[in-house]
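In order, the protein sequences belong to chains A and B.
If you read the first sequence in this note's numbering, its first letter stands for residue 1, the second for the next number, and so on.
If you read the second sequence in this note's numbering, its first letter stands for residue 1, the second for the next number, and so on.
The set of hints was computed from the structure by calculation and includes no laboratory data.
We treat Cβ as the ideally placed atom computed from N, Cα and C, and that holds for glycine.
Fair warning: there could be bad hints in the mix.
[Claimed, not checked] Listed next, with one range per pair, are the computed distances between beta-carbon atoms:
#1 Ser-82(B) x Gly-59(A): 42 to 48 angstroms
#2 Thr-77(A) x Glu-62(B): 41 to 47 angstroms
#3 Ile-13(A) x Lys-53(B): 44 to 50 angstroms
#4 His-57(A) x Lys-13(B): 43 to 49 angstroms
#5 Ser-12(A) x Leu-41(B): 18 to 24 angstroms
#6 Pro-39(B) x His-45(A): 29 to 35 angstroms
#7 Gly-59(A) x Pro-39(B): 25 to 31 angstroms
#8 Val-52(B) x His-45(A): 36 to 42 angstroms
#9 Glu-79(B) x Pro-8(A): 37 to 43 angstroms
#10 Arg-14(B) x Arg-54(A): 51 to 57 angstroms
#11 Gly-16(A) x Glu-17(B): 46 to 52 angstroms
[Said to hold, decoys possible] List time: in silico DSSO-like cross-link candidates among lysine-lysine, alpha-carbon distance up to 27 angstroms:
#12 Lys-53(B) x Lys-98(A)
#13 Lys-26(A) x Lys-70(A)
#14 Lys-71(B) x Lys-53(B)
#15 Lys-69(A) x Lys-18(B)
#16 Lys-98(A) x Lys-69(A)
#17 Lys-26(A) x Lys-18(B)
#18 Lys-98(A) x Lys-57(B)
#19 Lys-13(B) x Lys-57(B)
#20 Lys-55(B) x Lys-71(B)
#21 Lys-53(B) x Lys-3(B)
#22 Lys-69(A) x Lys-26(A)
#23 Lys-13(B) x Lys-55(B)
#24 Lys-57(B) x Lys-26(A)
#25 Lys-18(B) x Lys-71(B)
#26 Lys-18(B) x Lys-55(B)
#27 Lys-3(B) x Lys-98(A)
#28 Lys-56(A) x Lys-26(A)
#29 Lys-70(B) x Lys-57(B)
#30 Lys-55(B) x Lys-98(A)
#31 Lys-53(B) x Lys-18(B)
#32 Lys-71(B) x Lys-3(B)
The lines below spell out each chain.
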Amino acid sequence: SQQGEEDPQALSIQEGENATMNCSYKTSINNLQWYRQNSGRGLVHLILIRSNEREKHSGRLRVTLDTSKKSSSLLITASRAADTASYFCATDAWGNEKLTFGTGTRLTIIP
Amino acid sequence: DVKVTQSSRYLVKRTGEKVFLECVQDMDHENMFWYRQDPGLGLRLIYFSYDVKMKEKGDIPEGYSVSREKKERFSLILESASTNQTSMYLCATSRPRRGTYNEQFFGPGTRLTVL
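So here's chain B without its partners, still in its complex pose (with noise of 0.2 angstroms):
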């Protein structure tokens, strides 16, 4: 079984703290994506990576950065944190896309409060 594990489960920071969220998968994926959720407004894409040191920014990146300096770990960055970065991040993991089948594996979720 995929097995994608987030850093944290629960993580509190303060306004303008630089913040880290590390995501980890051990089934040689070469994607990885990165997702807020909040209420209403379903998984948005931030950010996805296709490989090491690959990435393309997704639908909603400003105010975040990522990095993928080897295959299973792909870290979300957010340079000053905001009260409106308050939310559900999720990362997620696929094989590419040689055939047609590309399901998503998902970590469980780090849940962010900036104060």
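For reference, chain A alone in the conformation it holds in the complex (with noise of 0.2 angstroms):
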């Protein structure tokens, strides 16, 4: 079963803007990672926040993670036409090498 629900399942924006998507979970988690798909591509890892850590960031990407909503958000600042792409998060419990993926959203930056 699924672990994780993106919201919005798609998103535009212009270029330049601040774009924000929101990732729930079901059961408690080790980690939650995020990961960007371009167009009929593989996943490529983005960044991972561990259950004890509220914040963590990347260059434009910040993401947030609340353990008591069992929820997560991934904001990429400053967007650019080439941060299309869909965007994935993906959780893990302790002691299991599995991860759970959501279901994505699309993301697509209107130059």
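Using the hints, build the complex out of the two chains.
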């Protein structure tokens, strides 16, 4: 069964604006990761946040995690056309090698 | 950099055929995974392997089998392809989770069409 659900399913914004995507999950986690997928390609890891962390930054990416609400958000600041892609959250549980992926958010940056 | 390759980018097969999808990685990762990706359903785990000759069922193993005879190679087998197996298939690898970090590295995917 799917662990994560991303919201919104699709998002279109103007280049230069900020994009925010949300992920909700159902059970306790160890880590939460975000991945990007360009059209028709494999996924690329973006950032990982541990369950004891609340916020993490990497370049133009900012991830937050609220374990009490079982939710995470990914913020991309100053968006660029190259950010057009699908974004997935993935969670894992303690002692488990597997990741459970959400259904993804399709982000379109309009030049 | 980790390189994960898949044998084909596009594949067209007929119903009932036996189909082999191959994945090869060059980074000596113990863990390897096969997913299928369908619109609106995200990625779903079919099988994974945490060592040579070791395998474990994922969420949707029915109609599939796997083989891992060598550490670097993980094959997904569709014993008798059916139209509902038309999908994008993604292979991924990761290091064992001795710490807490288990980033997965993905291949480019194989888009399989079963007619």
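Results of checking the hints against the structure:
Judged by the Cβ atoms, the range 42 to 48 angstroms given for Ser-82(B) and Gly-59(A) holds: they are separated by roughly 44 angstroms. With their beta carbons about 43 angstroms apart, Thr-77(A) and Glu-62(B) fall inside the hinted range of 41 to 47 angstroms. Here the CB-CB span from Ile-13(A) to Lys-53(B) is close to 48 angstroms, well matched to the stated 44 to 50 angstroms. For the hinted restraint 43 to 49 angstroms between His-57(A) and Lys-13(B), the CB-CB distance of approximately 45 angstroms keeps it satisfied.
At roughly 22 angstroms, the beta carbons of Ser-12(A) and Leu-41(B) sit within the given window of 18 to 24 angstroms. A hinted range of 29 to 35 angstroms for the beta carbons of Pro-39(B) and His-45(A) is inconsistent with their spacing of about 22 angstroms. A hinted range of 25 to 31 angstroms holds for the C-beta pair Gly-59(A) and Pro-39(B), which are about 29 angstroms apart. The hint said 36 to 42 angstroms for the Cβ distance between Val-52(B) and His-45(A), and at roughly 25 angstroms that hint is violated.
Between Glu-79(B) and Pro-8(A) the beta carbon distance is about 39 angstroms. The supplied range of 37 to 43 angstroms therefore holds. At roughly 52 angstroms, the beta-carbon separation of Arg-14(B) and Arg-54(A) lies within the given 51 to 57 angstroms, and the hint holds. The hint said 46 to 52 angstroms for the Cβ distance between Gly-16(A) and Glu-17(B), and at roughly 49 angstroms that hint holds. This hinted pair checks out: Lys-53(B) and Lys-98(A) have alpha carbons roughly 18 angstroms apart, not beyond 27 angstroms.
For the suggested pair Lys-26(A) and Lys-70(A), the alpha carbons sit about 7 angstroms apart, so the restraint of at most 27 angstroms is met. Restraint check: the Cα-Cα separation between Lys-71(B) and Lys-53(B) comes to about 9 angstroms, which is no more than 27 angstroms; the hinted pair holds. Between the alpha carbons of Lys-69(A) and Lys-18(B) the distance comes to roughly 45 angstroms, so the proposed pair goes past 27 angstroms and is violated. At roughly 22 angstroms between alpha-carbon atoms, Lys-98(A) and Lys-69(A) fall within 27 angstroms of each other, so this suggested pair holds.
Distance restraint check for Lys-26(A) and Lys-18(B): the Cα-Cα separation of roughly 37 angstroms exceeds the 27 angstroms cut-off, and the hinted pair is therefore not satisfied. With a C-alpha separation of about 11 angstroms, the suggested pair Lys-98(A) and Lys-57(B) falls inside the 27 angstroms cut-off, and the hint holds. For the hint pairing Lys-13(B) with Lys-57(B), the CA-to-CA distance comes to about 24 angstroms; that is within 27 angstroms, so the pair holds. At roughly 12 angstroms between alpha-carbon atoms, Lys-55(B) and Lys-71(B) fall within 27 angstroms of each other, so this suggested pair holds.
For the given pair, Lys-53(B) sits about 21 angstroms from Lys-3(B) by alpha-carbon distance, which is consistent with the 27 angstroms threshold. With a C-alpha separation of about 9 angstroms, the suggested pairing of Lys-69(A) with Lys-26(A) holds against the 27 angstroms cut-off. Using a Cα cut-off of 27 angstroms, the hinted pair Lys-13(B) and Lys-55(B) holds, with the two alpha carbons roughly 26 angstroms apart. A C-alpha spacing of about 21 angstroms is found between Lys-57(B) and Lys-26(A), which places the hinted pair at or below 27 angstroms, so the restraint holds.
Only pairs whose Cα atoms come within 27 angstroms are accepted, and Lys-18(B) paired with Lys-71(B) is accepted, the gap being roughly 23 angstroms. The hinted pair formed by Lys-18(B) and Lys-55(B) meets the criterion: a straight-line CA distance of about 20 angstroms does not exceed 27 angstroms. As the CA atoms of Lys-3(B) and Lys-98(A) are separated by approximately 20 angstroms, the hinted pair is consistent with the 27 angstroms bound. Our distance criterion of 27 angstroms between C-alpha atoms is met by Lys-56(A) and Lys-26(A), whose separation comes to about 21 angstroms.
The straight-line distance between the Cα atoms of Lys-70(B) and Lys-57(B) is roughly 19 angstroms, inside the 27 angstroms bound, and the hint therefore holds. The hinted pair formed by Lys-55(B) and Lys-98(A) meets the criterion: a straight-line CA distance of about 12 angstroms does not exceed 27 angstroms. Distance restraint check for Lys-53(B) and Lys-18(B): the Cα-Cα separation of roughly 21 angstroms lies within the 27 angstroms cut-off, and the hinted pair is therefore satisfied. Distance restraint check for Lys-71(B) and Lys-3(B): the Cα-Cα separation of roughly 14 angstroms lies within the 27 angstroms cut-off, and the hinted pair is therefore satisfied.
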